[in-house]
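J.: Residue strings, one per chain:
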Amino acid sequence: MSERPLSFLDRPNSYIGKSVPRPNAQRLLQGRGVFVDDIRLPRLLHAAFLRSPYAHARIKHIDTAAASRRPGVVRVVTAADLAGLCTPWVGVLTHLKGMKSAPQHPLARDRACWQGEPVAAVAAESRAEAEDALAEIAVEWEELPPLASAEAALAPGARAIHDTLGDNLAFARAVDAGAVDDAFARADAVVAETFTFARHTGVCPEPRSILAEFDPGDRRLTLYCSSQAPHMMKEIVLRHFPLAETDVRVVCRDVGGSYGVKIHVYPDEMAVIALALLLGRPVKFVADRLESFVSDIHAREHRVAARMAVSRTGEILAIAIDDLTGIGPYSTYPRSSAVEGNQIVGLTGSWYRSANYRARLRVAFQTKPPMSQYRAVGHPIACAVTEGLVDLAARAIAMDPAELRRRNLIADEAYPWKSPAGLLFEKLSHQRALERMLELMDYEGLRREQRDLRAKGIHRGIGLASFVEITNPGPAFYGVGGAPISAQDGCSVRLEPGGSVTCAISVTEQGQGTETMVAQIVASVLGVALARVRVVTGDTERTPYGGGTWASRGTGIGGEAALQAAKALRANILDLAGAMLQAAPGDLDIAEGWIVDAETGARRIGLEEVGRAGYFRGDTLPPLTQPELMATRHHQPRDYPFAFTNGVQASWLELDIETGFVRLLKHWVVEDCGRMVSPLLVDEQIRGGVVQGLGAALFEECLYDAAGQLRNGTLADYLVPMAAEMPDIEVAHLETPLAGTELGAKGIGEAGTAGAPAAVMNAINDALAPLGARVSEQPITPARILRALGRL
Amino acid sequence: MSESVDIRLTVNGQAVARRVAARQSLVDFLREELGLTGTRAGCEHGVCGACTLRLDGAIVRACLLFAAQLDGASIETIEGLSRSGEIADLQAAFHQHNALQCGFCTAGILVAAAALLRRGGVPSRAEIRDFLSGNYCRCTGYHAIIDAVEATCRARAGKSAP
Chain A
1 MSERPLSFLD
11 RPNSYIGKSV
21 PRPNAQRLLQ
31 GRGVFVDDIR
41 LPRLLHAAFL
51 RSPYAHARIK
61 HIDTAAASRR
71 PGVVRVVTAA
81 DLAGLCTPWV
91 GVLTHLKGMK
101 SAPQHPLARD
111 RACWQGEPVA
121 AVAAESRAEA
131 EDALAEIAVE
141 WEELPPLASA
151 EAALAPGARA
161 IHDTLGDNLA
171 FARAVDAGAV
181 DDAFARADAV
191 VAETFTFARH
201 TGVCPEPRSI
211 LAEFDPGDRR
221 LTLYCSSQAP
231 HMMKEIVLRH
241 FPLAETDVRV
251 VCRDVGGSYG
261 VKIHVYPDEM
271 AVIALALLLG
281 RPVKFVADRL
291 ESFVSDIHAR
301 EHRVAARMAV
311 SRTGEILAIA
321 IDDLTGIGPY
331 STYPRSSAVE
341 GNQIVGLTGS
351 WYRSANYRAR
361 LRVAFQTKPP
371 MSQYRAVGHP
381 IACAVTEGLV
391 DLAARAIAMD
401 PAELRRRNLI
411 ADEAYPWKSP
421 AGLLFEKLSH
431 QRALERMLEL
441 MDYEGLRREQ
451 RDLRAKGIHR
461 GIGLASFVEI
471 TNPGPAFYGV
481 GGAPISAQDG
491 CSVRLEPGGS
501 VTCAISVTEQ
511 GQGTETMVAQ
521 IVASVLGVAL
531 ARVRVVTGDT
541 ERTPYGGGTW
551 ASRGTGIGGE
561 AALQAAKALR
571 ANILDLAGAM
581 LQAAPGDLDI
591 AEGWIVDAET
601 GARRIGLEEV
611 GRAGYFRGDT
621 LPPLTQPELM
631 ATRHHQPRDY
641 PFAFTNGVQA
651 SWLELDIETG
661 FVRLLKHWVV
671 EDCGRMVSPL
681 LVDEQIRGGV
691 VQGLGAALFE
701 ECLYDAAGQL
711 RNGTLADYLV
721 PMAAEMPDIE
731 VAHLETPLAG
741 TELGAKGIGE
751 AGTAGAPAAV
761 MNAINDALAP
771 LGARVSEQPI
781 TPARILRALG
791 RL
Chain B
793 MSESVDIRLT
803 VNGQAVARRV
813 AARQSLVDFL
823 REELGLTGTR
833 AGCEHGVCGA
843 CTLRLDGAIV
853 RACLLFAAQL
863 DGASIETIEG
873 LSRSGEIADL
883 QAAFHQHNAL
893 QCGFCTAGIL
903 VAAAALLRRG
913 GVPSRAEIRD
923 FLSGNYCRCT
933 GYHAIIDAVE
943 ATCRARAGKS
953 AP
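Going line by line, the protein sequences match chains A and B.
Numbering follows this note's numbering, in which position 388 of the first sequence is assigned residue number 388; successive positions increment by one, without gaps.
Counting from 1 along the second sequence, just add 792 to a position and that's the residue number in this note's numbering.
Hint data in this document are derived by calculation from the structure and do not stem from the laboratory.
We put the CB at the ideal spot given by N, CA and C, even for glycine.
All the pointers check out, no bait thrown in.
Short, incomplete list of chain A residues facing chain B, as computed with Cβ under 7 Å:
1. Ala25
2. Met722
3. Ala724
4. Asp728
Okay, the calculated beta carbon distance ranges per label pair:
5. A:Lys60 - B:Ala814: 35 to 43 Å
6. A:Ala66 - B:Gly877: 48 to 56 Å
7. B:Ser916 - A:Glu444: 27 to 35 Å
8. B:Thr802 - A:Arg604: 56 to 64 Å
9. A:Glu730 - B:Ser876: 30 to 38 Å
10. B:Ser876 - A:Leu238: 45 to 53 Å
11. A:Ala66 - B:Ala814: 19 to 27 Å
12. A:Ala174 - B:Ser916: 50 to 58 Å
13. B:Ala814 - A:Ala244: 42 to 50 Å
14. A:Leu165 - B:Asp863: 54 to 62 Å
15. B:Ser876 - A:Arg604: 44 to 52 Å
16. B:Gly827 - A:Asp717: 29 to 37 Å
Just chain A, same shape as in the assembly:
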């Protein structure tokens, strides 16, 4: 099957491509995970925050005296108390031309710009005592007019939220490629729709959590974070606090879900670090669910006006979009809040052949919580807009939607390909993926079933959505914009005296299975059992330097570093074994923990003998032999800015036209993420991602009133997908290995979330079509469906 020569990865005992249970899941199954809130330190203090009750208000005066006298309270602080400890930050990327934002502080100074912005902090002996004290803080507020909607924020004459910025436009971008006007003029049909995507949020099972331990004796700070990027967090601390590079350590133990939420700099977390420095005692802050809803980053909130031109024969001639997004009062640090819109501009329509593309993006400040990168940044919007237009176009020219896709998806032989917005695709498989999907779901059979049921008054819909997914971002993504975010990752692999292997790697684990993936690669290359590999992650002092796990880079970048490190160690082990056995290293191999004769497979000595000789019995080795039983390698993508994956999703659902309720019957995904290290973990990334996408499509929305107040900020009011509403999700794969790395792996974390909302929206519209109705506003709630049907 493989077009490549047999490598370490394809050997008979290789773990690559095998689904193995995650070794590190056992303790989680016994309730023995260690999340930040499970860490107890002597003299631990607990922080609680007073947050702005208004979307926009001047802080005229804060009186903390009564709160400071409460039992158990150690310190109450406001912005003024932290001014000398933590410098402000501005969340712009310099390569996004014209981007602007305002300085942000750990606690609001003079003015709060969203409901939930931290204004004062209490450190107390217990969380309960800290919260009791919050009630005693007296703030004199002067309410200011809110600017909740992005439209209002950019309206002529709108007051700038930050006077120094002049207006509320954080970033704008335009693309005009090919001959768009000409294409629309010669089209047989033009379809248009305005799609809206509500604000929603990550709802991590474990809320944001941080524990800052400061030792004033040697000025050493240890942060226990629930984060995806410990090295980045350390750089942030060094930029804004008066600490030396040698004196900051960031540790991430178990992370209870993140999905992009816990990769940003949050003012309350910076305040906790400042409190630890100020008090010389460990300080812990775990957001409760209510404050999570108003202080975690939100995502999406886009309104996209879109048009597509198509010929009678089903050729997509042009696509044009105009995206307006609201990002709250500050661009989030250090990744900014412009990336989502930027990716929508880049991604929309990019999997179709049409060379005519126009896009406009406007990113607006508003008085709502900051919005930034959350799983599948921009993808679900770009996909829903594109695929929504494709279905509209298919209807306009009376062509089957699968056929219209078939006629326009980039041909599998056409690569490398450059999209009109400038994205480079190395090698994708859209056509094969679509055919595989139609077969997997029995598209024709479902269409027949749908027709038969319609005759009985049962309204079912089929929705398709092709997509691309951005993975393995290279150094031109964040580093070039001045953010201290590494695009490379490193891995150290060490043979232990007993023949086991310890591996330290800078990509991190939040449950995706990172450590298992690394162990599978290392065990395969080194010829040892998986159980003989221990993987260490999440500690800036114990792992090589690297970016962490985000943007689906763990396997493609971290996995390649692990592969190369293991290869280097393998060569060192064989050198030493050769010296011990007086054999040429090239005549030896490692299999099942043994040094074996490469040709016959005959066992010579165990790896533990190599380890013991190397570490304890140098006296037995030939003169001048210097065993090197540890190796480190790094990897960063250099040939392409990103490694794109591709796929297609399909949804089959039933609509109750009396109630507007949608019942998801089945969901399918065909994905090509290059070489799969663990099909099990890949499937689970896809399924989890799909369900996050289904939540956005059907349920999740941060509902704001005109005053900028969140109306559904509890988990009882904000709807998330639960087991009963979710369908079974069938996943199938194609494997087009990535060129430029030996592993050939791409990412997979965004794909599910990228395509699911589009597939469901198209399926709902497919069910609605005979009734002359359609929806384009997500989440597609029963009320919105009934309104589309004219029944509400």
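Knowing the structure of chain A, use the given hints to seat chain B on it.
T.: What follows is chain B alone, placed relative to chain A:
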């Protein structure tokens, strides 16, 4: 708010006597006083199910109860259920199917699923989904959880079949 209450209860088979603040929730009591951190506070509104445990044989939300209510009660947490071996097969099935990712919600889901298993028989996937509809998982998409519970139900039913 400083009122305290003396309680005696059984936690994972062990007798416990404590003086607790009247306002302390059961989940905080287990975590802060007994170090049983496997029971987790996810929403404190009884919605997410991360604090699900067994109280006098029935599954409850530890965030919706006060410790002070529990004089004389018997509680089993994930730590106790793991130690007794009662859910070893369920845990193994979760491991095999990768029915967990971050693991924050997992203990609550296992405790809830154990209650379904105690009913016996092999429920349909829809019934399993319905039974677990009070447990929020953001990572897995639920499919593998349903697989793991279904497989355990089948295995137990097979064992007990005549």
